[in-house]
Amino acid sequence: MAQTVFVAAQPHHSRMYWSVRDTLVLITRNLKRIKHEPDQLAGAALQPILLIVMFKYLFGGAISTGGSENYISFVIAGIFIENAALTAVTTSTSVATDMLTGVIDRFRTLPMHKSAILTGHVFATLFSTMVGTVVMIAAGLIFGFQPHADTIGWITALGLTALVTLALSWVAVLIGLIGKSVEAVQQFGMILILPIIASSAFVPTETMPKWLQVFANNQPMTHAIDAVRALLLGQPVGNHVKLTLIWFTGIIVVAYILAGWLFRRKTSN
Amino acid sequence: MRRKNSVATPSAISATGLTKAYGKTSGLFNLSLDVPVGSVTALLGPNGAGKTTTVRLLTTLTKPDSGHATIGGYDVVREPQKVQSIIGVTGQSASIDEKLTGLDNLVMFGQLHQLRAKDAKVRAMQLIKQFGLSDAANKPLKSYSGGMKRKLDLAASLIVAPRVLFLDEPTTGLDPTSRSAIWESIRELVRQGTTVLLTTQYLEEADRLADTIIFINNGRIVAQGSPAQLKAQLGATRFVITAATEDDFSKLASLAPKQVLTTIPATRTVSFATINTTLGGLQELATLMERITDAHIAISSYSVEQPSLDDVFMRLTSNHNEEKK
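Chain order of the listed sequences is A and B.
Once you know that position 242 of the first sequence is 242 in our numbering, the rest is easy, because the numbers rise by one and skip nothing.
Once you know that position 259 of the second sequence is 1259 in our numbering, the rest is easy, because the numbers rise by one and skip nothing.
Read the hints as simulated data drawn from the structure, not as lab findings.
Be careful, since some hints might not be right.
As the list claims (entries may be wrong) - Once the Cα atoms are required to be at most 27 Å apart in a straight line, the calculated DSSO-like pairs of lysine-lysine come out as:
(1) B:1082 - B:1121
(2) A:35 - B:1129
(3) A:35 - B:1063
(4) A:35 - B:1082
(5) B:1129 - B:1142
(6) A:114 - A:180
(7) B:1149 - B:1139
(8) B:1129 - B:1149
(9) B:1142 - B:1121
(10) A:32 - B:1118
(11) B:1149 - A:180
(12) A:242 - A:210
(13) A:266 - B:1082
(14) A:180 - B:1063
Since this is a predicted model, take the numbers as computed values, not measurements.
The following block holds chain B by itself, in its conformation from the complex (with noise of 0.2 Å):
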């Protein structure tokens, strides 16, 4: 049964309508998305969101309620093999076998990739230098720290350069420098052409990594777009303002009351808002500075805040608890 009219399509990732209950309330409700080839998207939420019955539907180890996906054309019920030929996964918990040593886990995931023996063993050792692994290449995964496994999960997902990458979660209880070496990895795959769809409760990992990030809660998208999309749409620019003494600080929290967001009489700090972010705040910034010298406020420092995507999260998670109660 070959399907003629699913040749060259643009995307790595296409779902429509993904649903999978568990229960009344928790799951995923009717996921729609479209990843084009070589990006990367991060999926964003909390615990439970629904971010790993995303990676699992997508990556054929779970039957959607209804919807349908394609990975690279092919779909993952009615080809779940072909799916497989061509994706990479990394799960949330080691996936690998922790009675073998590093060497024999990629060996074998390479011989099952359809590799010859031979070629299987080229390639697990490259694997294995490429992730600073070389040392316990022959030792049984029982002696490797949690950062070390991790590694290996994610070269074992590696062995056949998948066209579709997946990871749930790959740097989850990881310390700085192996998170740092596991990003710089994903980013090098994705030089090469490999197409990412990541989860992660981190922002600043999806903030630094993903050209497109998806926010989930409840098992629905909540919003989603580019990381700069996201901060212009859900946070402002802040101008922040330390006085020079107590009596500029009092001048310059009445200037523009309308503006202000917070004042720290501690530090004399005040922080306005900028109202229109289409000029990228920075004729209101001039604005702001006139008025500081005409009436006179001595300043000491001042600087220009982005917002983060921390604001962002904040203020769609609290939206929905708000919505809750």
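Isolated chain A (complex conformation) (with noise of 0.2 Å):
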């Protein structure tokens, strides 16, 4: 048999190249096995449809907000945050099955960039949430959402929702490579839901008893929430787009710093 033998032979590139080369090939790979996996392909593709249907019609007749818009309008917030929250808690899952089972040791005698690794998790997680973003406001528009924005309002919302998502990619991450067992890393991961439900996403703060509105209306979700809302809506925005900022730049960097030791301490024994 006619073997030609492969060897790297690419011209010289920069450290700096081979490592965005290696998260790209990873992203990749992260975005491929959603087709192959029939609860992470419904998830990406059905979850912002559900969720926008899900609020419209399920609870959109029973929530007052106390605004001038409609339901759909004043959730449409928080359902991009609660999307992105959704999809981290299988990037939790994909980072546990990743470092659980032989394929972490292949990546490991590679001549790649092991960092690639973790960020091809996050970076493939930020792609189907953004796309999932577009999705949900496809059918938001269909389904009574009345955006008042300008250019600028989207860019600023769609970029804080990038923002969020990193930040809840990052922890996803922790928790993936904290977890001793894929099926506790699922159950744990739902803690990323937890402080979207405790915000202003479904429900205006105000209506909250005053214990839980003291911690809701302090916290990093609400901010942001009420960031992307303003946005939308043209309404003022306030200090809300500055706090996101700082805060979820703030768990970024946080996030990454640990889950690089971690990473590193889980790979050196």
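Since each chain comes alone in its own frame, lean on the hints to assemble the complex.
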């Protein structure tokens, strides 16, 4: 059999080039996996639409926001973030699966940038979340979402959604690294959903009991959701944009550093 | 930081004093080995002997507590990425992505080996064909049998024609057909100049594939040499002779009592040990036959049995157990 010998013979590139390329290869890998996983595929394709439909018909009639806008226009910012969190839960199980099966050993014996293993997961999550967000905007418009944002408002709203997604993804990676089993990680990953429930995502915080209001009004998810909501509806954003930037940049930095440390610790036995 | 003195080392794998302790008793202690370019070395030993630890230390997966090792002249601790660019590794558990297709797996690993996407694809197709996986190339791994996964795993470590290939129990749990297919692939690689270090629990596998066998037990090398040397060193050629009648059997059994290893009355068989193996036993066989003829013992059959590595293995592990008691 004629055998061509393949050796890595690409022209010399910088470390930076390879680091970016390895990350792209692993993003592609994570997106391809979705194709073969029925629940992940359903999650990625249907979840955004289901969320819109559910909030429109299931809760839309019962919840009054006290504002002039309809419920779907109120809630869509919260659903963006909810969708990001649900996607991040699957990220934590993917990371756990990598760490707990033999595939991590193969990656570690390849001449690649090992950091790409984690960043590949994070950016694949970012990509599918943002595609989901666009789907939700389209579905939302069909079901009565009435945005009043200008171009800058749209860009800022989507930018903040991306920032929150990145933060959630890095926390998800952290959960995936800590877990001792894939099942445990899946359970524990639900922790990502909790702060969204106790925020201004689905109901105005004024309707909550006092003690919960204090928490809800001051936690980062509420700032992010209020900022995105105000931007989409063309309302004044107050200091929510600024606080969102500070909170979530902080979360990203801390989770990134912890994840890197934990990854090195777990892979240097 | 270039080291000029590491040019042209004749060893593909070289290790001195490698130690990695897990607790007080388990791990690997003071292992030194030297694997010449183009040869096959088998690490043989029972479960928990330290075989996998050795592979992990040599493939940059685990850092040693002390000692050092080089692969193709590159230090495993100081130059891991250079080591990684010349090795292929197939671990004990399937180290492939279960949620991708076979083809996607190979393309991804090729790209992570710094191949262009186009080349990675061509190479992946080649390997898929070579390992007889064409029908399953585009199916996710969930539908693969154990043997198919093992083949894909091996294919994944051959993407860039590794100079040194590490195989940790490459055929454990495989059916005989898949096993001989894997053996044939390994032989083909060796013909093309790849150096192979494999671990196995199967003596037959070591005997068939390896130029050098290293026995390890409890984290230490207990014997090493070529299969023939080990057999000669630790086991001896036997003559197995079957007497024609009961009467001949008892005469045969008392003919050379010092040499008798076993007597089996049911089959009237007596096996004799060779005392001087350096002559290959032939001289002794002739002498023995002469004595049988002189004593008028009628025999119905005889055979010369070579020692097997099983004998060696049993001997080494039983010695160890006695030491423990």
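Hints versus structure:
{"no.": "1", "hint": "B:1082 - B:1121", "result": "holds, 24 Å"}
{"no.": "2", "hint": "A:35 - B:1129", "result": "holds, 24 Å"}
{"no.": "3", "hint": "A:35 - B:1063", "result": "violated, 37 Å"}
{"no.": "4", "hint": "A:35 - B:1082", "result": "violated, 34 Å"}
{"no.": "5", "hint": "B:1129 - B:1142", "result": "holds, 20 Å"}
{"no.": "6", "hint": "A:114 - A:180", "result": "holds, 21 Å"}
{"no.": "7", "hint": "B:1149 - B:1139", "result": "holds, 12 Å"}
{"no.": "8", "hint": "B:1129 - B:1149", "result": "holds, 14 Å"}
{"no.": "9", "hint": "B:1142 - B:1121", "result": "holds, 21 Å"}
{"no.": "10", "hint": "A:32 - B:1118", "result": "holds, 18 Å"}
{"no.": "11", "hint": "B:1149 - A:180", "result": "holds, 25 Å"}
{"no.": "12", "hint": "A:242 - A:210", "result": "holds, 25 Å"}
{"no.": "13", "hint": "A:266 - B:1082", "result": "holds, 22 Å"}
{"no.": "14", "hint": "A:180 - B:1063", "result": "holds, 23 Å"}
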